[in-house]
Amino acid sequence: MRIFLTCLNCLLLTACFTTRLEAPPGKDVRIMAAEERATFHKEYKDWYLFSGLLPISRTNIAELIAKERLAEVRVETEDRVADGVITLVTQELLLGLFPQTIVIEGNTVSPRSIVIEDTTERFGQPKNEPVTRHAEPSGHPSGQAKDQQPGTPLSGTAGRPASGIPVNAPLP
Amino acid sequence: MINGIKNRLLTGALLLCALSLAGCGTLYMNAPPGSDIKLLSRNAPATVKVEKHIWFKWWGGEPLHPEEVHAANIIREAGLKEARITMTNTFVDGLYSIIPGAFGFPRRTLIVEGNRELTPVAHTHPKP
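Chains A and B are the protein sequences, given in the same order. Residues in the first sequence are numbered from 1 upward in steps of one, following this note's numbering. Residues in the second sequence are numbered from 173 upward in steps of one, following this note's numbering.
Honestly, the hints are just simulated from the structure, not real lab data. Ideal Cβ positions, reconstructed from N, Cα and C, are used throughout, including at glycine. Careful, some of the hints might be misleading.
Distance condition first, Cα-Cα at most 30 Å in a straight line; then the derived DSS-like pairs of lysine-lysine [said to hold, decoys possible]:
#1 B:K210 <-> A:K45
#2 B:K178 <-> B:K221
#3 B:K253 <-> B:K224
#4 B:K210 <-> A:K67
#5 B:K210 <-> B:K224
#6 B:K229 <-> A:K67
#7 A:K42 <-> A:K67
#8 B:K253 <-> A:K27
#9 A:K42 <-> B:K178
#10 A:K67 <-> A:K27
#11 A:K27 <-> A:K42
#12 B:K224 <-> A:K45
#13 B:K221 <-> A:K67
#14 B:K229 <-> A:K27
#15 B:K224 <-> A:K42
#16 A:K67 <-> A:K45
#17 A:K67 <-> B:K178
#18 A:K27 <-> B:K224
#19 B:K178 <-> A:K45
#20 A:K42 <-> B:K253
#21 B:K210 <-> B:K221
#22 A:K42 <-> B:K221
Residues from chain B that face chain A, not an exhaustive set, calculated with beta carbons under 8 Å [to be verified]:
#23 P205
#24 L236
#25 R248
#26 G276
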């Protein structure tokens, strides 16, 4: 009998559970990349009975996006060790309480919609002089290209291309 | 007496199996870096559907292929401009997890649906 119950437990542990990342209808939401900064960070627990077969409480991400007015979002689903232990303990009572951690991160306003600030105040006015760059070829002790005179602009770099025609010159 | 020990050993082994099935694992529903991917709603039409099975080792402690746990990879590979993402543990995932799972290799499924072109927004003009 005990073996039968344990087999049943094992079978129940194969149960399904699902987390969906969807936008609320009619809302324009962007999916964020992993390395982007998020100002909104919240963790939720989804609870299932019989190891995921029967959902008790599930986080509706679309509803949450609408409620928190998120313009961009990313989600992580985590099955933590503590979640597994809860499942195991309750599995013995044939309940198989299965928690899953959902981490929702996002921003209420997409940084892409913010106008980039004018940096001329901080960095000064851009100079119109051609940029002079010294070549730094590897293996050359002086740090200067072999055929390059010191102080001369490099061909093909900012200011003057290899052909000698200025970049901004009108086309013939 | 011997039967009792046998039963306990068998029960212990099955419980160990159950423990392995309750494996962990983290999946990331995100977009590729530098991209601008629109999130689709549930009923929005999607022309592309990609389903990827993600295997973990150490009972879910570490993915077999770390890049696979990010939905961003599927979005990039499929060239999607808009997408919705689903993480699921299907019944088949559960069945697969019985044997490999006992040795610490659980499986999860990541489903990405979307479109390679942005769906034009339907504008409603008020009637004059």
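Results for each hint:
Only pairs whose Cα atoms come within 30 Å are accepted, and B:K210 paired with A:K45 is accepted, the gap being roughly 26 Å. Restraint check for B:K178 and B:K221: not satisfied, since their Cα atoms lie roughly 48 Å apart, outside the 30 Å limit. Taking the CA atoms of B:K253 and B:K224, the gap is about 19 Å. The hint holds against a cut of 30 Å. At most 30 Å may separate the alpha-carbon atoms for a hinted pair to count; B:K210 and A:K67 meet this at roughly 18 Å.
For a cut-off of 30 Å, the pair hint linking B:K210 to B:K224 stands: about 21 Å separates their Cα positions. A hinted pair counts as satisfied when its Cα atoms are at most 30 Å apart, and B:K229 with A:K67 does not qualify at roughly 37 Å. Between A:K42 and A:K67 the alpha-carbon distance is near 13 Å, which keeps this suggested pair within the 30 Å criterion. Pair hint B:K253 plus A:K27 holds up; C-alpha atoms about 16 Å apart against a cutoff of 30 Å.
About 48 Å separates the Cα atoms of A:K42 and B:K178, which puts this hinted pair outside 30 Å; it is violated. With a C-alpha separation of about 12 Å, the suggested pairing of A:K67 with A:K27 holds against the 30 Å cut-off. Annotation: proposed proximity of A:K27 to A:K42 holds, straight-line Cα distance about 21 Å (limit 30 Å). Between the alpha carbons of B:K224 and A:K45 the distance comes to roughly 24 Å, so the proposed pair stays at or under 30 Å and holds.
Between B:K221 and A:K67 the CA atoms are separated by roughly 28 Å; this keeps the pair inside 30 Å, and the hint holds. A threshold of 30 Å between alpha carbons decides the hint, and for B:K229 with A:K27 the separation of about 38 Å lies outside it, so the pair is violated. For the hint pairing B:K224 with A:K42, the CA-to-CA distance comes to about 27 Å; that is within 30 Å, so the pair holds. Proximity of A:K67 to A:K45 is assessed by CA-CA distance (about 18 Å); at most 30 Å being required, the pair is judged to hold.
Between A:K67 and B:K178 the CA atoms are separated by roughly 56 Å; this puts the pair beyond 30 Å, and the hint is violated. Restraint check for A:K27 and B:K224: satisfied, since their Cα atoms lie roughly 27 Å apart, inside the 30 Å limit. Proposed proximity of B:K178 and A:K45 is contradicted: the alpha carbons are some 39 Å apart, above 30 Å. The suggested pairing of A:K42 with B:K253 holds, with an alpha-carbon distance near 26 Å, which does not exceed 30 Å.
With a C-alpha separation of about 16 Å, the suggested pairing of B:K210 with B:K221 holds against the 30 Å cut-off. The suggested pairing of A:K42 with B:K221 holds, with an alpha-carbon distance near 29 Å, which does not exceed 30 Å. Residue-level restraint check for B:P205 holds (minimum Cβ-Cβ distance to chain A is 4 Å; threshold 8 Å). Below 8 Å, beta-carbon pairs count as interface contacts, and B:L236 has none with chain A, the closest being about 16 Å; its hint is therefore violated.
A cut of 8 Å between beta carbons decides the hint on B:R248: the least distance to chain A is about 11 Å, and the hint is violated. Against a cut-off of 8 Å between C-beta atoms, the interface hint on B:G276 is violated, since the closest Cβ of chain A lies about 12 Å away.
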